[in-house]
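Asks: Below are the chains, spelled out letter by letter.
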Amino acid sequence: MNVPIRKFDAVIVGAGGAGLRAAIQLSEAGYKTAVLTKVFPTRSHTVAAQGGVAASLGNSEEDHWHWHMYDTVKGSDWLGDQDAIEFMCRKANEVVVELEHYGMPFDRLDNGKIYQRPFGGHMSNFGEKPVRRSCAAADRTGHAMLHAMYQRNVKVNTQFFVEWQALDLIRDAEGDVLGVTAMEMETGEIVMFHAKATIFATGGAGRIYYSSTNAFINTGDGLGMAARAGIPLEDMEFWQFHPTGVAGAGVLITEGVRGEGGILRNSSGERFMERYAPNAKDLASRDVVSRAMVTEINEGRGCGPNKDYVLLDITHLPPETIMKRLPGIHEIALQFAGVDALKEPIPVVPTCHYQMGGIPTNYHGQVVLGADSTPVPGFYAAGECACASVHGANRLGTNSLLDLLVFGKSAGESAVNDLRDSGRHHKPLPQAEIDNSVARVERLNSQKDGADVHETRLAMQRVMQKHAGVFRFNDLLKEGVQKIFAVADDVARTGIKDKSKVFNTARIEALELDNLVEVAKSTMVSAEARKESRGAHVRDDAHDTAETPNGRDDKNWLKHSLWHRDGNRLDYKPVHMKPLSVESIELKKRAY
Amino acid sequence: MNDGKHARIGRLKWHCRRALLELDLVFQRFWSHYGNELDDETEADLRKLLALEDHDLWDLVSGREETQDPQMERMARLLRQLVAAPGQQANILST
Chain F
7 MNVPIRKFDA
17 VIVGAGGAGL
27 RAAIQLSEAG
37 YKTAVLTKVF
47 PTRSHTVAAQ
57 GGVAASLGNS
67 EEDHWHWHMY
77 DTVKGSDWLG
87 DQDAIEFMCR
97 KANEVVVELE
107 HYGMPFDRLD
117 NGKIYQRPFG
127 GHMSNFGEKP
137 VRRSCAAADR
147 TGHAMLHAMY
157 QRNVKVNTQF
167 FVEWQALDLI
177 RDAEGDVLGV
187 TAMEMETGEI
197 VMFHAKATIF
207 ATGGAGRIYY
217 SSTNAFINTG
227 DGLGMAARAG
237 IPLEDMEFWQ
247 FHPTGVAGAG
257 VLITEGVRGE
267 GGILRNSSGE
277 RFMERYAPNA
287 KDLASRDVVS
297 RAMVTEINEG
307 RGCGPNKDYV
317 LLDITHLPPE
327 TIMKRLPGIH
337 EIALQFAGVD
347 ALKEPIPVVP
357 TCHYQMGGIP
367 TNYHGQVVLG
377 ADSTPVPGFY
387 AAGECACASV
397 HGANRLGTNS
407 LLDLLVFGKS
417 AGESAVNDLR
427 DSGRHHKPLP
437 QAEIDNSVAR
447 VERLNSQKDG
457 ADVHETRLAM
467 QRVMQKHAGV
477 FRFNDLLKEG
487 VQKIFAVADD
497 VARTGIKDKS
507 KVFNTARIEA
517 LELDNLVEVA
527 KSTMVSAEAR
537 KESRGAHVRD
547 DAHDTAETPN
557 GRDDKNWLKH
567 SLWHRDGNRL
577 DYKPVHMKPL
587 SVESIELKKR
597 AY
Chain Z
279 MNDGKHARIG
289 RLKWHCRRAL
299 LELDLVFQRF
309 WSHYGNELDD
319 ETEADLRKLL
329 ALEDHDLWDL
339 VSGREETQDP
349 QMERMARLLR
359 QLVAAPGQQA
369 NILST
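Chains F and Z supply the protein sequences, listed in that same order.
So the mapping is simple: my numbering equals the position in the first sequence, first residue as 1, plus 6.
So the mapping is simple: my numbering equals the position in the second sequence, first residue as 1, plus 278.
It is worth saying that the hints were derived from the structure and are not from the lab.
Even glycine gets a Cβ: it sits at the ideal position worked out from N, Cα and C.
Misleading hints may appear alongside valid ones.
Claimed, not checked - As a list, the in silico PhoX-like pairs of lysine-lysine whose alpha-carbon atoms are at most 20 angstroms apart:
no. : chain 1 : residue 1 : chain 2 : residue 2
1   : F       : Lys135    : F       : Lys594
2   : F       : Lys507    : Z       : Lys283
3   : F       : Lys595    : F       : Lys135
4   : Z       : Lys283    : F       : Lys503
5   : Z       : Lys291    : F       : Lys503
6   : F       : Lys565    : F       : Lys595
Claimed, not checked - Reference excerpt, derived from the structure (chain Z facing chain F, CB under 8 angstroms, subset only):
no. : residue
7   : Trp292
8   : His333
9   : Arg342
Assemble the whole structure, with the sequences as input and the hints as a guide.
Replies: Structure representation (structure tokens):
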């Protein structure tokens with residue numbers, strides 16, 4: 007089938023922080039660059055990031071990139087690649103100052119320097135005491151960042167294709183990446199974007215879970231496209247959960263609520279955290295609180311008709327304290343739980359927040375294959391869709407915005423270098439691959455007795471929440487693998503009633519589900535296989551012993567998972583324990 | 279519904295995909311309440327409200343901020359009225 011072909015030097019899929027940063031690099035170097043995005047750039051999920059961006063500027067007190075590196079390695083539970091982590095922490099100051107020069111309105115000290123605030127896990131002198139490392143723009147850091155970078159892109163003539171849904175990654179017989187097929191929502195037309203360099207910056211896939219803090223756009227489109235094109239997905243068992251999302255909605259209730267005296271209760275009204283953490287109680291660390299909540303629910307002490315949530319109680323606090331110190335909580339509880347939090351407790355569950363795994367890359371932002379990390383010609387990735395791997399098994403707060411700045415720039419730079427030095431040209435397109443992509447869309451129009459997209463997505467989300475949630479059990483994981491593949495069978499035969507061409511949201515949601523299910527499969531299979539606890543992957547059968555601290559089994563599991571869609575198989579590659587210039591940060595028990 | 283209206287509603291629905299989950303949920307509730315049956319005035323009000331930046335939009339919809347614009351005020355009030363009654367957990371299916 008003939009589809010129109012548009013040629014660019016570089017095509018970037020996704021216009022959140024990573025995509026915009028990569029685009030600046032290419033457009034400034036004079037390369038003809040297209041950015042495809044399904045929503046307007048400043049409505050990307052980067053907007054939701056509030057905490058700030060980590061950089062050891064040392065504006066308020068002494069700080070050093072090496073201390074930041076230590077915190078990141080420790081936070082990752084030693085699964086992060088230490089070369090990539092050193093690279094990121096050393097680059098932090100540079101990318102933050104660049105952003106300042108793009109016009110980012112950072113909060114300032116009286117002396118005009120960027121104000122820095124403390125954040126969980128940020129320590130000075132290799133874990134000694136807290137340090138101010140996070141640079142923020144009030145509580146709208148992500149939003150301000152996107153605006154600054156979008157304006158910069160407009161200035162350097164990046165060409166935006168807004169409201170285009172990328173469909174498939176196109177590779178030739180040699181495995182080189184030659185661009186993507188994409189559909190314009192306004193017309194339903196499919197176009198081949200033929201490029202010498204293709205960068206994925208499509209964000210995370212938090213919508214695989216029933217309870218997720220992620221916006222609806224986070225459907226793992228890049229991961230689905232990569233998996234279908236034969237690129238493995240790395241460390242997909244690692245998802246960061248937040249203990250208190252509103253049950254049934256996912257909206258975050260900030261930790262500040264428990265800080266101000268909020269209490270978690272089970273169905274009999276018991277303050278159950280007293281049993282799990284007698285000292286810290288409700289203020290215990292995120293993972294301890296999440297596990298306690300799941301244990302209460304699993305043992306039948308959950309609340310509500312399905313006994314599937316616990317309650318966060320602030321009714322004992324003075325109303326003026328709630329309204330003054332916890333602004334917004336009253337509205338959130340009313341809007342999304344239907345309760346007046348001054349009078350009734352809020353239903354909460356541990357909620358998926360961030361994806362640590364993704365498309366495997368090196369610290370240059372090049373997508374890599376195999377144990378020896380061979381770059382895929384013409385293919386780069388950055389941000390939450392990529393796995394560099396700097397977050398390892400657990401991300402340190404404010405490193406997500408740093409990740410997208412550093413590796414967005416890095417991916418853009420690598421593409422510029424390859425375009426300039428290796429003489430990359432527009433290789434002939436493999437027509438059969440383009441035809442397959444068009445046929446995937448056409449199937450939706452011709453499917454008889456198709457599975458309902460909404461119901462199938464919901465089935466996937468419930469399986470993921472129950473079988474691969476914040477606290478994991480061997481039997482549930484094994485059963486989960488069977489169930490998620492049954493869901494995948496339904497995804498392969500989804501149908502849509504509305505066949506119209508123009509802004510057909512039903513078609514887009516069906517295409518997004520094709521991507522989500524690949525992420526769900528990779529997560530379930532990788533989680534079932536990893537027989538240890540590490541960072542965010544916590545199993546009840548991995549015990550805390552001298553050889554396996556917190557259930558972490560370095561002897562057998564200090565390695566990255568690689569899930570291959572073809573044949574549903576896993577293989578593994580070693581963690582890079584050797585940094586670029588300093589001594590390796592040696593393994594030890596992760597404790598705070 | 280004629281083709282023009284169908285396309286306009288499709289576009290509006292897509293523009294309700296936002297950067298913040300809070301807004302996605304509010305608009306999901308809106309569309310499940312109204313279906314595709316928007317009168318022209320409601321359609322125009324919604325289009326105007328959707329031009330706001332996400333944080334400003336959420337501040338308005340959650341009642342933390344007010345607006346002098348009658349169209350946006352009308353739509354924000356309508357969205358606030360779709361909140362579940364206190365004591366009854368909102369029936370929100372994730373998309």
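Asks: All hints, please: hold or fail.
Replies: Structure-based check of each hint:
Proposed proximity of F:Lys135 and F:Lys594 is supported: the alpha carbons are some 18 angstroms apart, at most 20 angstroms. A hinted pair counts as satisfied when its Cα atoms are at most 20 angstroms apart, and F:Lys507 with Z:Lys283 qualifies at roughly 13 angstroms. Between F:Lys595 and F:Lys135, the direct Cα distance comes to roughly 18 angstroms. Compliance with the 20 angstroms bound is thereby established for this hinted pair. Pair hint Z:Lys283 plus F:Lys503 holds up; C-alpha atoms about 18 angstroms apart against a cutoff of 20 angstroms.
Taking the CA atoms of Z:Lys291 and F:Lys503, the gap is about 17 angstroms. The hint holds against a cut of 20 angstroms. The straight-line distance between the Cα atoms of F:Lys565 and F:Lys595 is roughly 17 angstroms, inside the 20 angstroms bound, and the hint therefore holds. Because the closest C-beta pair between Z:Trp292 and chain F is about 6 angstroms apart, less than 8 angstroms, the hint holds. Among the interface hints, the one on Z:His333 holds; its C-beta lies about 6 angstroms from the nearest C-beta in chain F, closer than the 8 angstroms criterion.
With a least beta-carbon distance of about 7 angstroms to chain F, the hint placing Z:Arg342 at the interface is held under the 8 angstroms criterion.
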